[in-house]
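S.K.: What follows is the residue order along each chain.
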Amino acid sequence: MKSKRTKKIILEIFAFCLLLVFMFPFAMIIINSSKSAAEIIRNPLLLPSNWFQIFTNIAEIIGRDNIHYFSAFFNSLIITTVSLIAIGTFSAMAAWVLVRTKTRYSFVIFMLFLSGMVIPFQVVMLPLVRLLQTLNDIFGIQFKDTLYGIILVYIGFGSPLSIFLFHGFIKSIPIDIEEAAIIDGCTKSQVFFKIVFPILKPIYVTLLVLNGMWIWNDYLLPLLVLGMGGNIQTLPLSVASLAGFYDKEWSLILTSVLMAALPVVILFLFAQKHIIKGMTSGAIK
Amino acid sequence: MKNQTKKNTNKGLKLMYFLVSILVIIALPFILIIRALESLLKVNILKIDDSKKRGIVGTFVVKYWLGNTYEAQKNRVFVYFILPSFTAFSLFVALPFLQGIYFSMTDWNGLNDPTFIGLDNYKTILHDYSFGYSFFRTALYSILNIFVINIIAFSLALIVTQKLKLQNIYRAGFFLPNLIGGLVLGYIWQFIFNRVLVQFGGIFESSLLINGNTALVGLIIVVTWQYAGYIMMIYIAAIQNVPQDLIEASEIDGANAWQRLRTITLPLVAQAFTVSMFLTLVTSFKQYDTVVSLTHGGPATQLPSWLGMIYNKTLLPVVQSTDLIAVNIYDEAFVNRNMGVGQAKSIIFFIILLVVALIQVYYNKRKEVEL
Numbered sequence: 001m002k003s004k005r006t007k008k009i010i011l012e013i014f015a016f017c018l019l020l021v022f023m024f025p026f027a028m029i030i031i032n033s034s035k036s037a038a039e040i041i042r043n044p045l046l047l048p049s050n051w052f053q054i055f056t057n058i059a060e061i062i063g064r065d066n067i068h069y070f071s072a073f074f075n076s077l078i079i080t081t082v083s084l085i086a087i088g089t090f091s092a093m094a095a096w097v098l099v100r101t102k103t104r105y106s107f108v109i110f111m112l113f114l115s116g117m118v119i120p121f122q123v124v125m126l127p128l129v130r131l132l133q134t135l136n137d138i139f140g141i142q143f144k145d146t147l148y149g150i151i152l153v154y155i156g157f158g159s160p161l162s163i164f165l166f167h168g169f170i171k172s173i174p175i176d177i178e179e180a181a182i183i184d185g186c187t188k189s190q191v192f193f194k195i196v197f198p199i200l201k202p203i204y205v206t207l208l209v210l211n212g213m214w215i216w217n218d219y220l221l222p223l224l225v226l227g228m229g230g231n232i233q234t235l236p237l238s239v240a241s242l243a244g245f246y247d248k249e250w251s252l253i254l255t256s257v258l259m260a261a262l263p264v265v266i267l268f269l270f271a272q273k274h275i276i277k278g279m280t281s282g283a284i285k
Numbered sequence: 286m287k288n289q290t291k292k293n294t295n296k297g298l299k300l301m302y303f304l305v306s307i308l309v310i311i312a313l314p315f316i317l318i319i320r321a322l323e324s325l326l327k328v329n330i331l332k333i334d335d336s337k338k339r340g341i342v343g344t345f346v347v348k349y350w351l352g353n354t355y356e357a358q359k360n361r362v363f364v365y366f367i368l369p370s371f372t373a374f375s376l377f378v379a380l381p382f383l384q385g386i387y388f389s390m391t392d393w394n395g396l397n398d399p400t401f402i403g404l405d406n407y408k409t410i411l412h413d414y415s416f417g418y419s420f421f422r423t424a425l426y427s428i429l430n431i432f433v434i435n436i437i438a439f440s441l442a443l444i445v446t447q448k449l450k451l452q453n454i455y456r457a458g459f460f461l462p463n464l465i466g467g468l469v470l471g472y473i474w475q476f477i478f479n480r481v482l483v484q485f486g487g488i489f490e491s492s493l494l495i496n497g498n499t500a501l502v503g504l505i506i507v508v509t510w511q512y513a514g515y516i517m518m519i520y521i522a523a524i525q526n527v528p529q530d531l532i533e534a535s536e537i538d539g540a541n542a543w544q545r546l547r548t549i550t551l552p553l554v555a556q557a558f559t560v561s562m563f564l565t566l567v568t569s570f571k572q573y574d575t576v577v578s579l580t581h582g583g584p585a586t587q588l589p590s591w592l593g594m595i596y597n598k599t600l601l602p603v604v605q606s607t608d609l610i611a612v613n614i615y616d617e618a619f620v621n622r623n624m625g626v627g628q629a630k631s632i633i634f635f636i637i638l639l640v641v642a643l644i645q646v647y648y649n650k651r652k653e654v655e656l
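The listed protein sequences correspond, in order, to chains Z and X.
With this note's numbering applied, the first sequence covers 1 to 285.
With this note's numbering applied, the second sequence covers 286 to 656.
For reference, chain X alone in the conformation it holds in the complex (with noise of 0.2 Å):
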């Protein structure tokens, strides 16, 4: 009985589903292709006449809609340019969405029909020791990363911007890295690593991906490379726009480069700060294809006893060190196949995601005002 009606419900679901997509692709084109043709032609295919009688539903019809009031006109082309980038939008983003929200509460493995259990997924990530560190780490890297590259792509923008002699060579130069792909540039930075700093000996004597804390070091220093140069194009463009007769008026007040820096240039940019900062946030946390190639996860290592007090695990069982959440949740959905637990992560990064963010953004714009 009931497999039954779940093959009926399936049914007047596809039926549905069908009915939509013949009017949405179907029907609405067509008589815009009519209305063309019949502008083309001047002749009238459809008999609308504007003048005529007819009755209320026609009336309606017509004005709003095919006739060729300037309301109707309107009306139509409202529809027919929303209708192309909303249809894609709608389908592969809001509805996936929207179903992923219900997945999450399903014990979906890929292969079965979902059904409803609950908030039982949420329960099992709440005991997931991996996904804990998952977070710690990912919490970990985009903090080092915010910090790390801010400060450098910023050094960076101040000394392109000094007028030096090769200038616009420096900012192509520092730029470029931006250009690869993450997954290309994991591959670059992997050989880099393992084969050719181990040359110089010293502390790369062995490779930084060997240990699991130098690997996010590594990582930090690939996503930096890359990452860097865009960032310093924000801020150059910021500090080009400080006006030149305040640094003038204070060179003449006698200000020393670090006083003009402090008390002129960083107030005049904050607005920058704020834009670069919530950029390589997002990007630190969502990072995925350059941890994939390079290190995948790697390399294992055991549980910080910290977590294990947590998790209430007296044996630290070993987990993979830079397996950012981006990673974990791959993982889980595609190899471990429990896509409804998967689908139950992502949901809470993207609450995390969304939370941060908009502290992040409240805190600086509060910054800005009380510069």
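So that you can see chain Z by itself, here it is in the shape it has in the complex (with noise of 0.2 Å):
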């Protein structure tokens, strides 16, 4: 028995040890973004001399033309929530109808659908930047660095996923309480939006998580459809505009990886069980 115990500290030491190898880097972010570009090159492992420099170079970003941190921060918010709430909606009201209508079409709808689950973004990417342009053209409707352009693609590239992921989970809905909904007298949009919508809500929340850390991240779509230094920037295109332009500047570049990273942090701290249950739950469907 006590053998066990031995075995279960040295367990707790060894995993203690692990927890810090990969708390390393963000202690390293930390550390380092309370230092001033000439303290860094001089030791980046000591601990700062002024911690309130942080805040020196938090006001520096903030005033740096070509990162408007403030600004990319309230669009990364924007594109974020509203795509999630479209993806979301819609699939569930298509997945829906695809599940609940047994016919050829839907058959075929949620195949087309499902396929496009494997086309990775590369074969998509080239084409649609021009089809961007061609419907400029066409319609002088702009799709690109515009904020409502780059929600309806990622509404696009967001569906498949999402219904495939509401399909499998309303198949295990049982039909009779639709069915009893529609005997008292709800007309069928009724019955999704007050019966079934609520039901969907465990989905719901995974898809928020997987499509959130997806869409809040993401770098390669926003850099084509809203290009690097436009308008419109999100976080991670202003990030990599700053990395860019103060090459090896790394006291703004790590704080600036800081303040793109801290939002996502603090929302895990306080959402912690609904993140992660959300992200594996979602892979193991």
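Bear in mind the hints are in silico, worked out from the structure with no lab data behind them.
All residues carry an ideal CB built from backbone N, CA and C; glycine is no exception.
No false leads were slipped in.
Okay, the calculated bits of chain X under chain Z, using three or more residues with CB under 8 Å as the criterion:
#, segment
1, 376-387
2, 441-451
3, 463-475
4, 479-489
5, 508-522
6, 612-625
7, 632-645
Using the supplied hints, reconstruct the complex from the two chains, each of which is provided in its own coordinate frame.
M.R.: Rendered as structure tokens:
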């Protein structure tokens, strides 16, 4: 019995050391974004001489023209939230009718969405950029460099996986509830929004997390649709443009990295359970 | 003359686009809005009365689309509920995908009107040593990545399911890097490799990112750090599903920890292995942002001699050592401005990804059954 306990203590120490290794990069960011450029060059491992330097650095980042931190932050926030709500709602609607209508069409459409899941973004990106330009030439609707443009594109790319997950979930909901609601006088769309939609909450949360992590951190799609240094920038874009501009000026780059990563980390601390559950259950299905 | 017809087809195409979009964007929602108003205000604007007599077409339209019958309602809901995601999907994913297949057979450079040149782009790629090298590096990287990430993630999962005191903190801590985007992560690790680790001396004396092979190792370290926590969560879920009484029974029978792992846990989490290996494979193959911010494809190195022999190069050319396929495609399209060739590369990339994924899923599924 005693040997079992010592084994456990050794394991605990080992796990703790591993945790330290995993946390080492984070510690480095925090330590070094509280330093001036000269101090980092001297020794990046030492603790900063003046912790308040971090506020100087943050102020400097906010003041820089090529990052526009607040505008980038709010753009990221708007793009992510609106896309998430739109993807979730539209995909749930589509998945519900696809499950409940058993015709050839619904099967074909579902298969079409499914095949969209295996298409990597690289295959679509070049024609997409051209298509957005063409749409602008024909209709005069600017899809590039606009918020609604990128949100619409995200709805397109987000719906296959979301519809797939909703489809699987809705299949497990007994149809009796819906039939009862129709007998009680609900219209078809009321059945969905009042009866089915609330039941979908767990899978909706999963999708919020999965799609949210993807959209918030995405780099390539905003780079192509919004462009580097355009009117509208997301956080990854502005970090990249800052890092490209101040090459190797680590005090600024690391501070911007910290400011870009912080919102998600804070969110994680509050919604840890949902995030972990969402990401794992999304992967297993 | 040729120019004339081209212009005309363009006009016809524009007109068609216009009509279809008018129909989709304006007409259908318009009818829906009127119907909604009707039911709200309890009036009949469209004058649709189900009992009234009308022609065959009228009856059909009312019965299956406009009327208040269950059938009509069902059809309307079907179309309107699918329309938003279907429009976005077909416009921004399916249509570009189909266009892409055509563009891969044109001389498109981003500025011109693409003209059809058959399979020339694919022939160009066949002789493109940089793509061959990039494919080889991506395959190497992905295989190493699958092993490293899954082994580490599974070990982490085993450790944090041992009922340790701080197990929740461990889980959250290992998972945390996964929240940060690949691009931002690349900058963090560029700093760590170039500035921090060199302070330790020894094997870290010179930065890992300077040499081609160690840069690939560096990339694997970064991606493992990012991804292991996520995969760990999948394994944790699987390990927790292993029935406790099986483990207790084996303990009574005198099995040691290793035997328990090999004969009980491993077979029962085989499903999780399929999922995780598939996930790591696909992410490794598609890796883009981390590479861009960590190494941007570099450092430059010489083409390996065995690849030089395949491509008939006596003088070995310079290639980029972490130029993974996704980076190679982007550079071909936007740096070299060979959109047609870039598109053809991406189609090849798609086919490879599809085949590898199918083989892997098939193989793993078979193994599961045997176990």
